[in-house]
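Residue numbers (our numbering), protein chains in the order written: chain A, 1 to 784; chain B, 785 to 904; chain C, 905 to 1463.
In case anyone wonders, no lab produced these hints; they're calculated from the structure.
All values reported here derive from a predicted model rather than from experimental measurement.
Hints may contain errors.
[To be verified] For lysine-lysine, the following DSS-like pairs were computed, each having C-alpha atoms within a straight-line distance of at most 30 Å:
1. A:205 with C:1366
2. A:99 with C:1433
3. C:1441 with C:1096
4. A:99 with A:244
5. C:1447 with C:1096
6. C:1280 with A:205
7. C:1280 with A:66
8. A:259 with A:244
9. A:732 with C:1366
10. A:205 with A:358
11. A:66 with A:244
12. C:1280 with C:1433
13. C:1096 with C:980
14. A:501 with A:519
15. C:1433 with C:1447
16. A:732 with C:1066
17. A:607 with A:646
18. C:1433 with A:244
19. A:205 with A:66
20. A:501 with A:685
21. C:980 with C:1433
22. A:358 with A:259
23. C:1280 with C:1066
24. C:926 with C:1066
25. A:685 with A:519
26. C:1272 with A:732
27. C:1272 with A:205
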Amino acid sequence: MLHLLELLGSSALATTLASTDAALASAPAAGGGVIAAPMWASLIVALPLLGAVLSTLMAVMGVRTKLPALMTVGLLAASFVTTLALFLQLQGGPAAGLKLYDWISLSWGSGAGQTFTASFGFDFDHLTLLWMLFVTGLSAIIALYASEYMSHDVGPGYCRFFFAFNLFVFSMACLVMGDNLLLLFLGWEGVGLCSYLLIGYFYRKPAAVAAAKKAFIVNRIGDLGLLLGILSTFAVFGTIEYTKIFAIIESGVLPNGQKLAEHWANWVIPALLTCGAFGKSAQLFFYVWLPDAMEGPTPVSALIHAATMVTAGVFLIARMYPLFVSDPHLIVLSVVAWAGAITAIWAATIEMAIFDIKRVMGYSTISQLGFMFAGLGILSPVGASFHTFTHAFFKATLFLGVGAVMHGFGGQLDLRRLSGVAWMRGFGLVGIAMLIGSINLSGVPFTAGYFSKDIILADAFALPHGQIWGSTAVAWILLITAGMTAYYTFRTYFRVYAGPKEFVPGDDAELLELGRHPKGVSIEEWHKQHGHGHGHGHSHGHGHGHDHGHGHDHGHGADKTATQRVDFDPTTEEFDPHPPGAAMKIAIAVAMVLAIAAASLYFIGPKGGWVAGMIAQSSAALPESVATHAGGDHAHGTFFGFDPHKVMYYVSAIVGFIGILIAAVLHGPRGWQGLFVGSRTQAEKSRADAFVTLFGPITTAARNKWYVDEIYDWTIRTPLLVLGHILHFADKLGVDGLVNLAGQIPRGLGRAFQTGQRGVLNGYALSMAAGIAVLAMIALLAST
Amino acid sequence: MNLLSIAPTLAQGPMPTEMGGATLFHYLLVSAIMFGLGLIGFVTRRNLIIMFLCTELMFQAAGIALIAFSRFHLNHTGETFVIFVLTVAAAEAALALALVVLLFRRKETLDASSWQDLKG
Amino acid sequence: MLLALIFSPLLALLGVVFAPRKSQVKHIALAGMLLPLAIVSYLLLNYSSWSGTTASSGRATELAVSLNWFPDIGLKLVLDLNSGVSVALVALTALLGPLCVIGSHTAITTRVRTYYGWLLVLQSAMLGVFCARDVILFYIFFEFTLVPMFVLISLYGSTNRKAAAIKFFLYTFTGSVIALAGLVYVAFVNAKGTGEWTFALDTLTQASQRLPAGTQAWIFAALLLGFAVKVPLFPLHTWLPLAHTEAPTAGSVILAGVLLKLGTYGILVVAIPFAPLAAIAFAPWLAVLSICGILIAGLICWTQTDIKKLVAYSSVAHLGFCMLGMFAMNVAGVQGSVLYMINHGLSTGALFFCIGMMYERYHTRSLKEVGGLAAKMPIWACFMVFFAMASVGLPGLNGFISEFLCVMGAFQAGDLWAAQGLPGGTAGNLGPYFAAVAGTGMIIAAIYTLYMVGAICFGPLKEPAGHADHGHGSAHGGGHGSHAGDDHGSLPTDLSAREIGVLLPLAALCLFLGLRPAPLMNLVDPAVKDTVAIVEKARTQAKATAAAADDNTSALTAR
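Please take these sequences and the hints and turn them into a complete structure.
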């Protein structure tokens, strides 16, 4: 037996060696240069996973403190530090890899492509590190924010929140750092699951449950494309590991000897992958899930649905960029460019019309993702990546600010019912943060958002005709969208944060509890009477109000309605805005500072900034063959005869200012906050109200999101459901009916013979006698 | 061709004189009549006891036929067999009557059709 | 060892029948279920010592048992675990058995002896099927699973149980009688050739493979009919929703967890190796049926309001994936298919447990009457979501591995890859289009699973009328859940320790097999490769025949 073992062991080893050799042989030159990363690099993934496990344990042990949050912040910060350390170690050097174990491994021969391996292994190159830096950094900040934001739910719900939060960071790390496409898929669906769990966090609200479901299902449609893309990749390349794929792409010759440039794989696989990217990043007709995802708690919206998860699509395309540019006609990239541009302007039109400030941010994310996709499409991976990076910080800042408002005003999100928030006690920092976020988003000069958007716009104009189909049109659409972006951003800012102090509290029972008190009693006294600490003391739990608890509140027999609407009676009650506490303030401040600081990256390193340097050293860098045609100093395209790279600084600044100016005229309050052109004196009305009537039904349509949800409902969901019912009916009557019919045959035969078997004893005797008589007769007849 | 017309041909062998002119045919005729009576009784009556007696009648008819043949062939096979049958029949009678009594106790009737459970 | 494995539940049956007190019955039954589990665990831990490190069909292991039964007709009692697929399925069966007993403690309070007795008989029969290496013995075990299941459904089921039990029995019985005809025919042909009757699986497999394609087609059709009803392959599935809905919880778990796998196991171990030529010819059509099952059953799931029926239909869809992988007939597909058998048993079995636990508390399965239970039973809801995600094929959980490999198998198994000289394909007559259409089933799976979870776990709390009193009373008693299991009336609001104990091992396995499938994959790998090798051999043989025929025709035309 031992001999056999040895024999098998050594042969397995030999096979491994042989396959490695084959891989090395098939991967000429550059591809094989993966150095081993230090083992501690796996902490980036392991720490969030540990966080998830510990959160579960805390839930089991019934922890009713903020411990899960503290633990999460600590672990994610440690994960960030690890990433940073790894970045500093690997900076400027070649990519490093780390293999933990083979996740799925299957082989049906020893030849090339007859072994399928998906390992739990990680690639650390400049692209993944760029992504991981902001993913881990922002998640730590937002966990800190959430520690306070979610404190009304301390207990099992709190643990559940941080479980999903940690699991999300783990999945995102797998998605970004995984060294093969299947591990990316694990992360891809993993973040989808966390998104599902977190959108549906307030699981008693039917809207939240529906939104969570929608997000997961719409994503799954894209995921199918991604999965088929992965399978095609394996079929064509014989491997799903990036380094090996890239080596084959670099060599330009597929394992079957055909040239990649002439093979269908150069556009079919990118098209399939793009399908997945569109789903996750809410592009084109996939966008419908993202606005609904705003049903989740705001920290979740900030982290998952603005900064990190939704950029996974951008990451996927950037990761597989070598394959995308291997198509000489760049068909898929043209589609990506157009999809991005159309999505950007489409979402912008909706944003200009709706009143829900959180949804405005949601649509704005879709629009900005459109910019990133357009950037990828017009051969500007640098612009796309830089915009992803800056957008992560300023959009997180904006969301955190919106969250603070929501937290403080009983869940109020309608911009017609909020005004002058920045001037209210305790909201100063929020006002500043929102201004910083808004100027970034609008592209006000010398902000991070300004530089990153500029790169995309300039690269778009600079592309020569024909390289990307209609790139100039894409550029113009993006430029117009930039103006619209400035408008809707400052529309929100001027209405909510500037102007006269005025508000109506929202209808979220738990959040209302933070600030409501009877008339004539100050909030401090009221809270003292009810055993609350004052200020931010709500973290100790405000017993009777919150009913996310589990089981322990059955005794009340209280009628728990779905929406938990609590009538706020203005005649007897007053509401004091509840300002954000220390944790939220710190998180907002840090995010804000980072959003400002991100601008400086543009001046660090080579031309185009630090991110350009990072991208240039990664696989997403444009290959020479493509780069010589586009961008750089050899710009073929011009902007009215000027070099787009120079003139765009001014053009985009002007466009941005025009947008802000229109916002100021229409929505700006009277006085300098409205830049001397505004006139608004109350929360609800602005000049725009008179203006929008000119557009008639168009505004209504935009406000109703162009009825896309309804169209989907009537063209896809309802027909499918009806089909389901029809099939169920057919299954019952048709298929099962046939089976039952077959069952009737023996029954009918039995019935035919039944009459003779009635249990009449005499009858049996008679028939027996008759039978014998007949037999005897036959015997006699036969014998004679 | 009927059964009776064949019967005389069966009785063509020499019969022992002690039988006093009664040939095998006569014994078989008695046996057949008894069997017929038993059968008709079994088929037409519904009283369990009567039906049981009818089966006994048919039994004895068979016994007579066997004895007659035994005598006719001058061996003891038939007689031996009849003795067995009688013994078995006695045991059976005891069993059957016990069953009938049990059935009567259940339904307070001797009507065979009251036990008719099958649907037809 | 194998005899002990199979017959130890029957030993416990004696205990169940003669136990002096009714309350002891479940403990004796549990012991009878744990015994096989202990034996299987021992076997798995010492796998290399008895299997020769690689279990491969056709080679007897040290465990093999061979006793003469009816020597005159060559009937033997042959038991062996020489295939990794058998080992895996035996392990699954041995695991689910004790969990079913534990899970039935409070659900079954009347006719306890009968219930546990038949459960033990069922366990014995199921273990026997996977160990049998003689087709008649296989068939006897196969059919004998019907009787206990019939009793379990018809005595302990819900309202429409009689009809469900009869339909289940007759439908599957009819199918398998036809399969028996196929088996006997092969044995007859073999006996005619060699002059000696035998029913040994290996001998018959080899004999059957030598038959011409036309004969194989009939054999395959007969065998398939029997096994496909059991799987169930669309459109032979209509008994399943009925049987599942009416069966008691443990019955549903075993039905979904193991009994359906008898069908897939039969196809893998008997039908395909017996008639590889026919399997190759029929594969695309069967794959189409599988895909029909995936899509149609999936859409039907979405319209269900009876949660148990929903999961039952989802089994049809899931086994569609399993069959698709099997008929891809390449390593990835068959490997995926075998993993699917195990994984579906774990995740769907667990879902049925969850639903049973809910049913014990609310006595309804209608999504219209009950919903939003996360508010009241958070632990239960966590498990429900977990197993739903395992069943929907979320990467990182077990369902994904098998689903991915099945789809990958279908994707690869096309001659277009070979035609282009691309490395990642295998021979076969499915292809990317099959995979793409089947892949839409993954979207539909997400739709119906999330519909189910969204309705039962999330949303506003909905309880059947008149249940509020129970909830009120038990809220106070919820603290001592661990010993509340004995009395039907005193179930805690959320899961008791006993119920968590049932679900936790399954959850742990789902997670482990999702992240580290290698042990299971290595276990079944040799057996999978053997099956694929048989098919490959037949494929080359068929090609050679076709080429020869071509030569003939061309020679004729030349003349």
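Just to be careful, I want the Cα atoms of residue 205 (chain A) and residue 1366 (chain C) compared with a cutoff of 30 Å; is the pair within it?
The given pair, whose Cα atoms are some 13 Å apart, holds under the 30 Å limit.
Holds or violated: residue 1433 (chain C) with residue 1447 (chain C), Cα cutoff 30 Å?
Given that 30 Å is the threshold and the Cα spacing comes to 20 Å, the pair holds.
Tell me if the straight-line CA distance from residue 1447 (chain C) to residue 1096 (chain C) falls inside 30 Å.
Answer holds: residue 1447 (chain C) to residue 1096 (chain C) is near 28 Å, not above 30 Å.
Is residue 99 (chain A) within 30 Å of residue 244 (chain A), Cα to Cα?
holds (15 Å)
So if I understand the rule, the pair passes when the alpha-carbon distance is 30 Å or less; does residue 66 (chain A) with residue 244 (chain A) pass?
violated (46 Å)
Straight-line Cα separation of residue 1280 (chain C) and residue 205 (chain A) no greater than 30 Å?
holds (15 Å)
Hey, residue 1441 (chain C) versus residue 1096 (chain C), does the alpha-carbon distance stay inside 30 Å?
holds (25 Å)
Please work out if residue 732 (chain A) and residue 1066 (chain C) have their alpha carbons no farther apart than 30 Å.
This hinted pair holds, its Cα atoms lying about 18 Å apart.
Holds or violated: residue 1272 (chain C) to residue 732 (chain A), with C-alpha atoms at most 30 Å apart
holds (21 Å)
Has the given pair, residue 205 (chain A) with residue 66 (chain A), been kept, meaning a C-alpha gap of at most 30 Å?
Distance of about 24 Å is within 30 Å: holds.
Between residue 1272 (chain C) and residue 205 (chain A), does the CA-CA distance stay at or below 30 Å?
holds (17 Å)
Please work out if residue 926 (chain C) and residue 1066 (chain C) have their alpha carbons no farther apart than 30 Å.
holds (26 Å)
The earlier numbered hints that this structure contradicts are 11, 12, 22 and 23.
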